[in-house]
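*Asks:* Those protein sequence lines, which keep their order, are chains U and L.
So our numbering is basically just the index in the first sequence, starting at one, shifted up by 1006.
So our numbering is basically just the index in the second sequence, starting at one, shifted up by 5.
No wet-lab data here; the hints were simulated from the structure.
Heads up, a few of these hints could be off.
[Said to hold, decoys possible] DSSO-like cross-link-like pairs, simulated, lysine-lysine; straight-line CA separation at most 27 Å:
(1) L:K102 / L:K168
(2) U:K1131 / L:K92
(3) L:K56 / U:K1336
(4) U:K1341 / L:K168
(5) U:K1116 / L:K171
(6) L:K56 / U:K1340
(7) U:K1307 / L:K171
(8) L:K92 / U:K1116
(9) L:K56 / U:K1131
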Amino acid sequence: MFENITVPSDKIHQFIKDKYEEGFNYLLDITAIDYTEYVEAQEEEFAVVYVLRHENFKQHVVIKTYLSKLIIESVSYLFKGANWLEREVYDQYGIIFKNHPNLRRILNHKEFVGHPLRKAYPITKGQLLHEVDDLIDEMNNRLLSKEVVCKLDDGHFSECNKDIMFLNLGPSHPASHGTIRTYVALDGETIECAVSEIGYLHRGFEKSCENHSYNQIVPYTDRLNYCSAISNNIAFVKTVEDMLGITLSERAQALRVMLLELSRIEDHVVCLAAVLVDMGGLTNYWYMYNPREDIYDLLSKLTGARLTNSYMRVGGMTNDLYEGFEADLKEVIKKVQYGVEQTLSLIKHNRIFHDRTQNVGVISKEDALSYAMTGPNLRATGVPFDMRKDTPYYGYEKYEFDVVVGSVGDVYDRVMVRFGEIDESIKIIEQVMKNLPEGEVSVKDASVTLPTKEAVYTTIEGAMNQFKLTFEGVKVPVGEHYGSIEATNGELGFYIVSDGSGTPYKVKVKAPSFTAMSAYPEMIEGFQLADAILTLGSLNIIAGEMDR
Amino acid sequence: MELNNPALPLETAIATKLDEAIGWARESSLWPMIFGTACCAIEFMSVAASKYDISRFGAEVVRFSPRQADLLIVAGTVTYKQGPILKQIYDQMSEPKWVVSMGACACSGGFYDNYTTMQGIDTIIPVDLYVGGCPPRPEALLDALLSLQKDLRTNKYNSERHKDFKGALDNV
């Protein structure tokens, strides 16, 4: 259930506050739209969009406001997660958020001139960065707010009660996944203050969408969360299908559920393998990574690619299962179960594992909701939000499975929730495969899916159909839509604006890793340096999805 | 050249050229520094895991320490924001050093032809081997490693080979 509301810009702030009081206190996303080249005349050139979810998790609301002047009141005091989201809108569109505590670029680098998601900015105009940001201003402000440093009369900063050492973690650091930088102020081994810098893998997904047709975007979505490509494919094409008003056949829906759960397993095993390596348990890596190789083999047999599958298309998928898939799948599941069993036998009663993970990197329920964390990271704090249960799609309500929740919100809970989810996903896969409906996997609609090869080669209608769809793309009706699914890291949403052509006018990704990362600096403060590494690993930050 | 050949008498001396002896020694003790940023880094994890097992070729000592490494594997998209960091890592590595560019993004920007992605890492640092693919299969990276080893074995190491290279971030 959702509604779209447009509010005048002078009332927007009060309106969001009222909605917050009503219970819409989970901020999914903030984005802006540049209407300068849009087909239909709009009130103003720029609009800001807020997507809020109700605390019952069943409803969401999309609030839009047109801006006559590119300035709007910040809501970062209401939602902690708004801090980074507003910075991103400022960075990409140049919209100023009044009273924002730290309004600076987030994805693009500090020498960047202009705002790339504005229509006037050329897609291919790159700008070199010569020197990395030292982050010292941000750090000083943070230290000042925590009273670790004092400001002297001459404007300089001085340590007032502690001996502070600064250290850069990343971006080229084995535990920072190569793309995340955290700048920490240490007192001994304890992190007093931390600031994170992201954007090192900002590769312009959203801008690239604006000159590709809908089906051409599918390969780009593979590379958002590259650990579970198919779930991104599904999140994107589902949003487009919702805009087109397409209902898939029962078989296609069941296959999507099965593949979503398989990618959840694929993603969780690599996250768990990595977090245990970060802890020094290298043996677990081999136990967890080998079943992933088996999943790769299965998927490459099915889709032709190991990692970046591009299996989904608007209106269905590229092909049906091959003969013997079910037997292969059963083998793979067995190997996954074996890997999980072996790993758990190594860590379940392992004192070092427990000491290193319990009560480490804790985030409370309230903070997690305020930062709009989602997925396993949110469930680890004890909030049972799972879109598969709260807003079911593709017939998830038919399958029997449990939502795995933690209680403390520490590294241990996040790791164990993922172990639990692997088991639940296996349960769902088994139920799907038991009653797999017969039928087509793609809708038969000449304006959406390609004709059969036979029709293309033997009839003029088929040839024309193929040509038009390939060159012009699927035409999506004019409008705006926010669609999301429970992907492996949580709610993965797409906000798509269509101008009626075969290319989206604007695409915005609501990325679960982005919100999780915005909570990270606060989560590691007060803990030791080595704990920061584990916390990052257990949050499963995938840079492709976070930076886009 | 075989050192532990049982057919040879125990007290023996092997005559070889110094270059060849050094090339032989380097060949199987390459220490990779993995500059992994994106999807290709996940495929590199496969290369290091037991199925493909890069240690069969003596290159399993993966350290994120540029000063101790001699083989830079750039795996993944490099953005303009990442540029100065990659350059710094490359500069910190001491000679002899080789650079493998893994995947379409590192080689040419791949299908990210836009405002933020560097159109190939050879904009800023010299590259010895390009591995195509998006991402390349683990076998492709192993093939690159083998061809580098072959080159070390058969050709003289030429430290002057990138003498004329000038990157976009050099001397600015």
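*Asks:* So, for every hint listed, does it hold in this structure?
*Replies:* Hints, verified against the model:
1. With a C-alpha separation of about 13 Å, the suggested pair L:K102 and L:K168 falls inside the 27 Å cut-off, and the hint holds.
2. A C-alpha spacing of about 21 Å is found between U:K1131 and L:K92, which places the hinted pair at or below 27 Å, so the restraint holds.
3. Between L:K56 and U:K1336, the direct Cα distance comes to roughly 20 Å. Compliance with the 27 Å bound is thereby established for this hinted pair.
4. Of the pairs offered as hints, the one joining U:K1341 and L:K168 is violated, with about 51 Å between alpha carbons and a cut-off of 27 Å exceeded.
5. Between U:K1116 and L:K171, the direct Cα distance comes to roughly 24 Å. Compliance with the 27 Å bound is thereby established for this hinted pair.
6. Of the pairs offered as hints, the one joining L:K56 and U:K1340 holds, with about 18 Å between alpha carbons and a cut-off of 27 Å not exceeded.
7. Restraint check for U:K1307 and L:K171: not satisfied, since their Cα atoms lie roughly 44 Å apart, outside the 27 Å limit.
8. Among the hinted pairs, L:K92 with U:K1116 is consistent with the structure: their alpha-carbon atoms are about 18 Å apart, no more than 27 Å.
9. For a cut-off of 27 Å, the pair hint linking L:K56 to U:K1131 is broken: about 42 Å separates their Cα positions.
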